[in-house]
Every structure is written in structure tokens, then in C-alpha cells.
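Here is what each chain is made of, one letter per residue.
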Amino acid sequence: MSEPNKVLETFSVNGEPHEVAFLPHKTLLEVLREEMGLTGTKHGCELGECGTCTVQIDGTPVLSCLVLAVDAVGKDVRTVEGMACGSGLHPLQDVFADLGAAQCGYCTPGVLMAADALLRDNNSPTREEIKQCLAGNLCRCTGYLKIFEAVEIAAARMRGEDAQPSEESIYGAR
Amino acid sequence: MLRLPPFTYHRPKTAAEAAALHKEHGKQAMFVAGGTDLYPNMKRRHQVPTHVVSLQDVPGLTAIEQLPDGRLAIGAMVSLTTLEKHLQLLRDYPGLAHAIAEISTPLLRNMGTIGGNLLLDTRCTYYDQSHEWRESIDFCMKKDGAICWVAPGSPRCWAVQSSDSVPVVCAMEAEFELVSTEGTRTVRGDALYRDDGIEYLTKKPEEVLTRLILPKTGGWKASYLKLRRRDTYDFPVLGVGACVWTDAGGVVTKANIRLGGAGSYAIPATESEKLLVGNQLTDELIAAAGTAAMKPARTMDNTDLDVYWRRKVAPVFVARALAACK
Numbered sequence: 001m002s003e004p005n006k007v008l009e010t011f012s013v014n015g016e017p018h019e020v021a022f023l024p025h026k027t028l029l030e031v032l033r034e035e036m037g038l039t040g041t042k043h044g045c046e047l048g049e050c051g052t053c054t055v056q057i058d059g060t061p062v063l064s065c066l067v068l069a070v071d072a073v074g075k076d077v078r079t080v081e082g083m084a085c086g087s088g089l090h091p092l093q094d095v096f097a098d099l100g101a102a103q104c105g106y107c108t109p110g111v112l113m114a115a116d117a118l119l120r121d122n123n124s125p126t127r128e129e130i131k132q133c134l135a136g137n138l139c140r141c142t143g144y145l146k147i148f149e150a151v152e153i154a155a156a157r158m159r160g161e162d163a164q165p166s167e168e169s170i171y172g173a174r
Numbered sequence: 001m002l003r004l005p006p007f008t009y010h011r012p013k014t015a016a017e018a019a020a021l022h023k024e025h026g027k028q029a030m031f032v033a034g035g036t037d038l039y040p041n042m043k044r045r046h047q048v049p050t051h052v053v054s055l056q057d058v059p060g061l062t063a064i065e066q067l068p069d070g071r072l073a074i075g076a077m078v079s080l081t082t083l084e085k086h087l088q089l090l091r092d093y094p095g096l097a098h099a100i101a102e103i104s105t106p107l108l109r110n111m112g113t114i115g116g117n118l119l120l121d122t123r124c125t126y127y128d129q130s131h132e133w134r135e136s137i138d139f140c141m142k143k144d145g146a147i148c149w150v151a152p153g154s155p156r157c158w159a160v161q162s163s164d165s166v167p168v169v170c171a172m173e174a175e176f177e178l179v180s181t182e183g184t185r186t187v188r189g190d191a192l193y194r195d196d197g198i199e200y201l202t203k204k205p206e207e208v209l210t211r212l213i214l215p216k217t218g219g220w221k222a223s224y225l226k227l228r229r230r231d232t233y234d235f236p237v238l239g240v241g242a243c244v245w246t247d248a249g250g251v252v253t254k255a256n257i258r259l260g261g262a263g264s265y266a267i268p269a270t271e272s273e274k275l276l277v278g279n280q281l282t283d284e285l286i287a288a289a290g291t292a293a294m295k296p297a298r299t300m301d302n303t304d305l306d307v308y309w310r311r312k313v314a315p316v317f318v319a320r321a322l323a324a325c326k
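In order, the protein sequence lines correspond to chains B and Z.
Counted the way our numbering counts, the first sequence spans residues 1 to 174.
Counted the way our numbering counts, the second sequence spans residues 1 to 326.
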């Protein structure tokens, strides 16, 4: 089969229009990273088995490695690059950094996208609800505990509470 | 990086148009719903359609509709997340709602559809691998090769039925609405599936699965129980769907038990079903029906977990699934 022609489409990514030419069989992950230069979204297994390529489409977290870019045209795509509020970090990013909830950091963009969608629907999730929400995002470094704790603290801060990580979380048990 | 092979992408506006497009391109065409099964398979070159026909623009396929006779019709493109949270499904069909919530991960359930899960490709240790991995063993008969590596003397493919919704939907005797260029037809439960790892569906390739139609509630209870290594991600290595009909006195009038993840289709546990009919669903009877399910659970060594252990726990899982139907 001969290679099909590129198509020219305008995407809305993080509230900004991006006009891009790409082959119609390309995934959203490929177009985000390779055509738009938005490399915050990571590529991992590319088979739907790891969650690191998670982005939000119309607010719903999905795997960009399994979405055709053409199917995201006309929709509101949000990536980790769109999380920061002006020059400040999003509360989730802030706590992830404070707590060391990111170690190698490769899963972090996907985890942040999934957790952000959870907190939009539920401002005080239980530990179990956080676990369920992140059940599609693999992390091979942290053992997840710091991630769960970071989401809890970020949720509390977003509710206006002055939540801080415990000393043990930062320095370990004495 | 694993990339999709090039293809022409179609987004027809009706089911009949989708069927016609598929018919026009024959074996070069495949339907796509959520893409969570097809696209990984295409990346590993299990399927290489040059025409991909998306059903996302077909109106009505995302509807959930109560039919006048009390049945519930679910559009094939309804997402699994929508269904696992759907109040009517949770209230009236908790067994199916539970099975759907057990599928894969929340991210994949946001994308995956009920239609796609019902038609999920069969899976096998020797098939669900990269192209290079499969090439290194000279492929298998399901794709590109001649031999079945699970049973090298076998004339057939033993890839495993791995959908969580299929065993419980078959047990419930739900119906499937299929649309083709020749019109619409309905098939019930088991009749959609075949005991073959390659040709695992009876539907014609160009037929579009448009709706899953659940039976009227009342007089029966269904359940689903899944065995897997991790509580997320994994496909079932055993998935028991059970449905038990009882009369006003609690006597079983009919029972369907289907074993998923144990063969190329959802296998009926016929002897267990026979034991139940005409009796009260007592703990002793449930245990006996469970024991009788060991024989049809003819597991093979082509999924995760130990093959003999998977067979040994089938009675336990069948008994637990039946207990949930009490």
C-alpha cells in the first residue's frame, strides 16, 4: 500500500490552537511529541499497558498511544504541559516534587493527568479511590505510597487546607 | 517505538454504511470501536487492515434504552466506564456491572466499549507478543505460522476467550443485534461464539454489532467472578459467569454457568447446571456443582498462572459465583 498523504488539522491543546500536518494513521501520542514538540507526555509500552502516555480529552483521562490523532481534532486535549497555573506549579505538581513522589519521573506526567481528573470530580478522595483511579498507571520506582500521599495532600491543599507532608514521609522513620 | 501500519481511516455515519464499507474492502477491512484491542494488535502486526472503519459517528450506538417489553438495550459504543457507573445497570444487572468494572484499568475502560469487549480477540502466550518475538518462534497458526505452540499436534488454535463480559452475558442469555447490508438480525448468548481460537465468532466479518440486549429482570440472578494475578490490568485466567433462575419457592428452574479464560469460548459447565435444576440452592449443592465444573475447565498452558492450579480452583470459583446468585 502506498503511504497516504498527510492531513492538515488544527488541534486544541492546553487551550491553544496547534495547526499540524500529519499522517492520518498517527496516534495522538506521536503527533503531540513528534509534530508539536510536546514531549511532556511520555511513550512507554505503546500498547495500553503502562499509562505513562495518559492525557485528557474533554476532561477524561485516556491513553494517547491508542487514540488516533484525527479523532482528537475538535476536542479539548490537555497534557502535563497545561497543568501549571501561570508561572506556578499545579498543587499536584508541587506536592509530587516536595514529597519525592516522582523518582525517575517517567510515569509522573501520566499519573498527574489521571489524578488531576480525579480531583476535578472528587475533591476529597479516599485512599482507596486514589488507588482505583491510578490503577492504570504503572510506577516502577516509588512503590506508589508517596504518590497516594501526594494526591491526598494536594487534594487537601486544593480544598484550602494547610496540609503538609509528615516528617516521616520526607525523612523516613527515625 | 511501536507504530501503527498505514491504513485508510473511515468514519461512516450509519451502521449500514459501515457494513457496506467493510464488505467493499473484504479482508482488508476491520471495524474499530474504542481501539484498545485493535490498535495494540495492529502495532504488533497481528492484524494489518488497510481500511479501518470507525463506528464512533454511527448515531444511537452510545444510547442505553429501556425497551417497552422490559429488556435493556445497550449501544455497542457505550464506554465501559459509563456502564460500570450506570445506576440502572448497577441496580438491575449487578453481575454484569461488576464484570465490566473488573475489565483492565480505569484508563482503558474510559476508552474501551462494551461492543469491543464482547468481540475481544482471543489471547495466547504465543500470540500476544511483538512481531519480532513471534518471528523468533516461526510464528503460530493464529497469525503468519502453521503450528499451535500450545499443542503442537493440534489441528486447531487454542487461543483463549479473554473477555470479562462474555461469560456473564452468555449465562444471562442476552441478545446481540447485528447489522449488515442484508438487514438486521439478532443472535442469543452462546450463538455468537465458536470454539476456535482463530474463528471465534459466528458473525460475518462485515456484520456490525450494534446493540447488546439484556433480558428483563425478575426471577433470575447473575454473577461474575474473575481470577487474575493483579487486581488491575490483567485479563482473566478464569472468569466464571453464572445465572440462576428460581421459582417463587426458591427451586432452581434453570442455571447457566460459563467458564471464561479456560478455552476458546465461554465453556458451559453442563454437569454443574444439571445438578442445580429442580433443587434449592443450598451450600452443599453449590459445593457439588462447583466440583462438577473441574472437568469442563480444560485449561491449557497458554495464559498467566499455573495451568493445573487454574483447573483446580475452577470448582472454588464456580461455587463462589453460584453463592453470589443466591
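It should be emphasised that the hints constitute simulated quantities derived from the structure, not laboratory data.
Every value quoted in this text rests on a predicted model; they were computed, and no experiment measured them.
Just so you know, not all the hints are guaranteed correct.
To be verified - As a list, the in silico DSS-like pairs of lysine-lysine whose alpha-carbon atoms are at most 27 Å apart:
hint: 1; chain 1: B; residue 1: 6; chain 2: Z; residue 2: 13
hint: 2; chain 1: B; residue 1: 6; chain 2: B; residue 2: 75
hint: 3; chain 1: Z; residue 1: 13; chain 2: B; residue 2: 131
Any of the earlier hints contradicted here, and which numbers?
-> 3
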